[in-house]
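Turn these sequences into a full structure, and let the hints steer you where they fit.
Number of protein chains: 2
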Amino acid sequence: MRIAIDAMGGDHAPNLIVKGALDAAAQWPDIQLILVGDSAAIEPLIQGNLPSNVKIEHAEEIIGPDEEPVKAVRRKKRSSMVVAGQLVREGQADAMISAGNTGALMTTGLLVVGRMEGIERPALAQLIPTKNGVNVMALDLGANMDAKPEQLVQYAQLGSIYRSKVDGLSNPRVGLLNVGTEERKGNELTKAAYDLLEASSLNFIGNVESRDVLDHNCDVLVCDGFAGNIMLKAIEGTASSIMKTLKEAFNRSLLTKLAGAIMISGLRSFRKTMDYKEHGGALLLGVNGVVVKGHGSSDAVAIRNAIRQTRNALISNVTTSMANEISRK
Amino acid sequence: MRIAIDAMGGDHAPNLIVKGALDAAAQWPDIQLILVGDSAAIEPLIQGNLPSNVKIEHAEEIIGPDEEPVKAVRRKKRSSMVVAGQLVREGQADAMISAGNTGALMTTGLLVVGRMEGIERPALAQLIPTKNGVNVMALDLGANMDAKPEQLVQYAQLGSIYRSKVDGLSNPRVGLLNVGTEERKGNELTKAAYDLLEASSLNFIGNVESRDVLDHNCDVLVCDGFAGNIMLKAIEGTASSIMKTLKEAFNRSLLTKLAGAIMISGLRSFRKTMDYKEHGGALLLGVNGVVVKGHGSSDAVAIRNAIRQTRNALISNVTTSMANEISRK
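Chain order of the listed sequences is A and B.
The opening residue of the first sequence carries number 86 in the numbering used here; numbering runs sequentially from there.
The opening residue of the second sequence carries number 86 in the numbering used here; numbering runs sequentially from there.
Honestly, the hints are just simulated from the structure, not real lab data.
Heads up, a few of these hints could be off.
[What the hints assert, rightly or not] List time: in silico DSS-like cross-link candidates among lysine-lysine, alpha-carbon distance up to 27 Å:
#	chain 1	residue 1	chain 2	residue 2
1	B	K104	A	K357
2	B	K276	A	K233
3	B	K161	B	K104
[To be verified] Facing chain A, from chain B, some residues (calculated, C-beta under 7 Å):
#	residue
4	A126
5	I315
6	I327
Where a beta carbon is used, it is the ideal one built from N, C-alpha and C, also for glycine.
Structure (structure tokens):
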């Protein structure tokens, strides 16, 4: 299992990216990590000898967070992100991880790593933590802004295979993100996708409203990239806003600080549930390899968790399963 | 100011609808309320004489919460909701309020009350409580599922006039709900709407992400009805899920209950901010009258607040301002 890591992508690159990678290399000796980026910047971060399952692949350019994705990927062929993608394309790595520019990573997946045969548009998928801890995989969360009904069905296939192979769910329940649970609800896209999903061999359970996502009433939630992105960021923004308000309420006086001290252990597990760092990264599904997007503000813990997630995907051989099932349709 | 109230719509109809209306009639003697519905069900709820500013308009039919909206409005001409709409259409009332079937109320607004001249599609608008308490008016939240760019500009006009006339904001800031803040982000719809909004005379501040809505960085947030509905329900669902988890954490032991008792006053104002009952209803903008949608589970407090909101809209004469400004374009 060879995983290429864009050591230069993300707010805390290269320091915490390299630290997280070294932690993971020590924890899982069965993986080989390739740190891609400016070797002059990476080498000083390694104390002592390079572990035997880590190597450095020099790449002199960097794609910045605000660069226009397609232009950047086309022009910066020697950037850490594109070189990592080339390693996957050329079979020198099985997976890549980047916490850099999201748009550029999706473009790298599409143009460098390459689409899976039979897939029209890859989808960005992420596990959303639910109350019971089982999570919902939502996709597409922003890879493809104007989706067609057939593409939503492909997302459902990709998500179902992932949940079944990687998470071991049998017959994962597929929901369609919609404005109501009744059959004829929605816009033109969801109405057409509903009919296609119902006619498919997937375990389609019907429409799901965004207010019920955290209740875990489906395992795979399908949506177009625009609506999915709006939903995900509304969940994240609301949770973070409430957590901030709570923190202020606990900090108001000595007495409320005492209450905070009493509550801290009870709220810690809750906070952990809501914390993106615990949940690894987002996945670009439908490309020829495992491509994982770490959060832009990923620290060493987040990177180690993204590597754990990538390792699980590689162990399950999910990309091969997807390629086989999609080409059979 | 004559306000027709659908006394039979909502989970707690007619009891709490009538109670809320009577409370409002006592609080604001300058309004006249028309309770529309089955008089045999309404009359027993009134203790003593009917207040001088309340009357009952008998309507024998009821539109149920699960009825198909267009069919129900067309067939049930004697339903409390449709009769309330007719009172507005015929000039016998200036506004209507219903906590009943949302789709049917939008249809009643469109087909019975009637579209404002120059408006292609009315929009459902709602104030979303923000951290600083100023609120964001988001629209459309579900009246029109497949919007055109020009319609998004009309929503922006309607919302701006409302915030300026009713809430007294000067030059309200208009944001476009999108997946990123940069100019060229989004789907075909938002890209086209962006250009139109920028060319308009509105105070357009650019794209706004759903994660930033609660930070109040705009006064009017424009979106298509599908995306808006997804965003609103994601905010509501996340807030309610977190509140439930918190409640459980406070109820875990005697000690955590003590912490809860310490925190209760600090959290009460926060809870109030998040409570739909405090914020009145949603408004159907772009029709010939003030049409307010109360939450399905509205109690007496929610109805009284919806009446307060309707009264404010009538005092500001916002419908006339909208009609004048839209026809000038």
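Against the structure, the hints:
1. Under the criterion of a C-alpha separation no larger than 27 Å, the hint pairing B/K104 with A/K357 is inconsistent with the structure, at around 44 Å.
2. For the suggested pair B/K276 and A/K233, the alpha carbons sit about 18 Å apart, so the restraint of at most 27 Å is met.
3. With a C-alpha separation of about 25 Å, the suggested pairing of B/K161 with B/K104 holds against the 27 Å cut-off.
4. About 28 Å separates the beta-carbon of B/A126 from the nearest beta-carbon of chain A, more than 7 Å, and the hint is not met.
5. Using the Cβ-Cβ criterion of 7 Å, the hint placing B/I315 at the interface with chain A is satisfied: the shortest such distance is roughly 5 Å.
6. Interface hint status for B/I327: upheld, as the beta-carbon distance to the closest one in chain A is roughly 5 Å, under 7 Å.
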